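2 protein chains.
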Amino acid sequence: MPADAMRGVLSPVVTPFDAELRPDTAAWLAHCRWLLSQECGLAIFGTNSEANSLAVAERRSLLEAAFEAGLDPARMMPGTASSAFPETVELTKAAVAGGAAGVLMLPPFYYKNVSDDGLFAYYSEVIQRVGDARLRVYLYHIPPVAQVPISLPLIERLLKAYPGTVAGIKDSSGDWENTRAMIVGFDDFAVFAGSEAFLLDTMRAGGAGCISATANINPAAIHDVYANWQAADADQRQAAITDFRKSVAAFPMIPALKATIGLSTGERGWERVRPPLTPLSDADLASLSQMLDGRGIAMRGRRDAA
Amino acid sequence: MPADAMRGVLSPVVTPFDAELRPDTAAWLAHCRWLLSQECGLAIFGTNSEANSLAVAERRSLLEAAFEAGLDPARMMPGTASSAFPETVELTKAAVAGGAAGVLMLPPFYYKNVSDDGLFAYYSEVIQRVGDARLRVYLYHIPPVAQVPISLPLIERLLKAYPGTVAGIKDSSGDWENTRAMIVGFDDFAVFAGSEAFLLDTMRAGGAGCISATANINPAAIHDVYANWQAADADQRQAAITDFRKSVAAFPMIPALKATIGLSTGERGWERVRPPLTPLSDADLASLSQMLDGRGIAMRGRRDAA
Numbered sequence: 001m002p003a004d005a006m007r008g009v010l011s012p013v014v015t016p017f018d019a020e021l022r023p024d025t026a027a028w029l030a031h032c033r034w035l036l037s038q039e040c041g042l043a044i045f046g047t048n049s050e051a052n053s054l055a056v057a058e059r060r061s062l063l064e065a066a067f068e069a070g071l072d073p074a075r076m077m078p079g080t081a082s083s084a085f086p087e088t089v090e091l092t093k094a095a096v097a098g099g100a101a102g103v104l105m106l107p108p109f110y111y112k113n114v115s116d117d118g119l120f121a122y123y124s125e126v127i128q129r130v131g132d133a134r135l136r137v138y139l140y141h142i143p144p145v146a147q148v149p150i151s152l153p154l155i156e157r158l159l160k161a162y163p164g165t166v167a168g169i170k171d172s173s174g175d176w177e178n179t180r181a182m183i184v185g186f187d188d189f190a191v192f193a194g195s196e197a198f199l200l201d202t203m204r205a206g207g208a209g210c211i212s213a214t215a216n217i218n219p220a221a222i223h224d225v226y227a228n229w230q231a232a233d234a235d236q237r238q239a240a241i242t243d244f245r246k247s248v249a250a251f252p253m254i255p256a257l258k259a260t261i262g263l264s265t266g267e268r269g270w271e272r273v274r275p276p277l278t279p280l281s282d283a284d285l286a287s288l289s290q291m292l293d294g295r296g297i298a299m300r301g302r303r304d305a306a
Numbered sequence: 001m002p003a004d005a006m007r008g009v010l011s012p013v014v015t016p017f018d019a020e021l022r023p024d025t026a027a028w029l030a031h032c033r034w035l036l037s038q039e040c041g042l043a044i045f046g047t048n049s050e051a052n053s054l055a056v057a058e059r060r061s062l063l064e065a066a067f068e069a070g071l072d073p074a075r076m077m078p079g080t081a082s083s084a085f086p087e088t089v090e091l092t093k094a095a096v097a098g099g100a101a102g103v104l105m106l107p108p109f110y111y112k113n114v115s116d117d118g119l120f121a122y123y124s125e126v127i128q129r130v131g132d133a134r135l136r137v138y139l140y141h142i143p144p145v146a147q148v149p150i151s152l153p154l155i156e157r158l159l160k161a162y163p164g165t166v167a168g169i170k171d172s173s174g175d176w177e178n179t180r181a182m183i184v185g186f187d188d189f190a191v192f193a194g195s196e197a198f199l200l201d202t203m204r205a206g207g208a209g210c211i212s213a214t215a216n217i218n219p220a221a222i223h224d225v226y227a228n229w230q231a232a233d234a235d236q237r238q239a240a241i242t243d244f245r246k247s248v249a250a251f252p253m254i255p256a257l258k259a260t261i262g263l264s265t266g267e268r269g270w271e272r273v274r275p276p277l278t279p280l281s282d283a284d285l286a287s288l289s290q291m292l293d294g295r296g297i298a299m300r301g302r303r304d305a306a
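Chains A and B, in that order, are what the protein sequence lines are.
With the working numbering applied, the first sequence covers 1 to 306.
With the working numbering applied, the second sequence covers 1 to 306.
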């Protein structure tokens, strides 16, 4: 793994909206601060952040608000990709200028069945145009959503062409064998599992940590597994966070995360999502609330941080 | 079909780039003008235009250049969609302000398996926020690429909620039965086939025309089928344009279209594409050139329009 690689547990920070569906910057900063207080890094503008439902100008405005608010850039890995490389360059430059320790970069995801040559050319355009030695790119492999995979041969080419700059990957394939192949296949490459269900396996294989949706609402317990992966009871701790994730994943993930924060803070505006996503149904909301009560998941201190 | 519906043959206008991969506005306007001279409408910013590889600011700048250049807005159907609805609203407002007769609107295409409720909410946000009686929305159904389909029930809901505004659809499913169902299933709805291979069938069933990639390089012959669909030899004319399309589709479509324009105009910069697309290989380019020579496809007058 690169000496300066990011590590640990990061959350693809969910994005709150006001009644006009504009990003609610104050509520967003409060959630970011609470996550940092739980040892959780900030993978803002991920899939669970509804990043591709945000205008580039909105992402940029939130990013600058985070820097201005003094959130620790060493714990920030903003998603900066657009299918249009000039927009990716713009957002990546802004992230690097603010000191973000890394950026998380989807492949361009409109055209399907594109070649590795084309994806290599895309990442090359961005890296060369940003042209900054401080840049650290974490690739984002999420074939179930993007439908454009990042293959092992592509990683090899990128590492060879941009050593030190291409720093790692988030693997949201849900395929542990693929994650393992990424960990053992490359030196100087920090691999994050896309779900805490694979966190202990990832740490044992030599990975960097995880970037997981449910870290938005269960960060302390997930960090506990990360910090104590060599402890005697690590498997038990892992089983507990996996079990909680499964309980949340019974609901549509993004609305469920936002509803959980709404229930925990009393700020019900958190339930809003941008289309094409839809809020939880009343029945799902009641069921989620009951599940959370039964488990005693309190999002400790989250109400005060609101 | 709505009385003010667009009709005929439109081209998803390919977008030329300069050596820095910036849009080449002058070359683009020349191609638009030539297409209009061939009775071909301008579906700028479609899939074949690499629209999702263009920054929103670049699309807006080209759109305004087209209006300033005096291209006939009655023949323009710009693609204005982004997965982020504020960007769709921005581009759609600009198109309506310039007098574009319609806009072509992809669904938000990052999240997969979204509900019709979510897609209905997306289109509703855009239509209501644009809030202009002049707006005419043509939906864009292209499941092989967007992977997010526009279902018949969704069309029905949108037509009921926004009669007069939701004006039609481009069906790039490649499934004639689906196109036919869209034509016969709805009144006041203008259906364009996504390929000229279905043009005659579309006209016979009561559709509006076609919006097709190869209209970039073969517009006159395609328009000829549109204008003479009731002629005795219509099937023969259809067979000829279908056959030409198949010859082009043997190559990667977008690079082949751009290379054909490059060969016809002598402006080889037309061969450039933005990643993740890649230019034709030398072998493909030679093979394409030979095919075009053999068919005597001259893109009549295109060199002069360069």
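These are computed hints drawn from the structure, not numbers from a lab.
This one's a predicted model, so the numbers in the text were calculated from it and none came from an experiment.
Treat the hints with caution; some may be incorrect.
Treat identical chains as interchangeable: a pair holds within one or across any two.
Said to hold, decoys possible - Below are the DMTMM-like pairs computed for lysine to aspartate or glutamate, each with C-alpha atoms no more than 25 Å apart in a straight line:
(1) Lys93 x Asp18
(2) Lys112 x Asp282
(3) Lys112 x Glu177
(4) Lys246 x Asp201
(5) Lys246 x Asp235
(6) Lys246 x Glu68
Checked hints:
1. Lys93 x Asp18: Between copies only: 23 Å across, 28 Å inside.
2. Lys112 x Asp282: Answer is between: at 23 Å across copies they meet the 25 Å cutoff, but 36 Å inside does not.
3. Lys112 x Glu177: both (24 Å within a copy, 24 Å between copies)
4. Lys246 x Asp201: within (17 Å within a copy, 50 Å between copies)
5. Lys246 x Asp235: within (16 Å within a copy, 58 Å between copies)
6. Lys246 x Glu68: The answer is neither: 36 Å in one copy and 56 Å across copies each exceed 25 Å.
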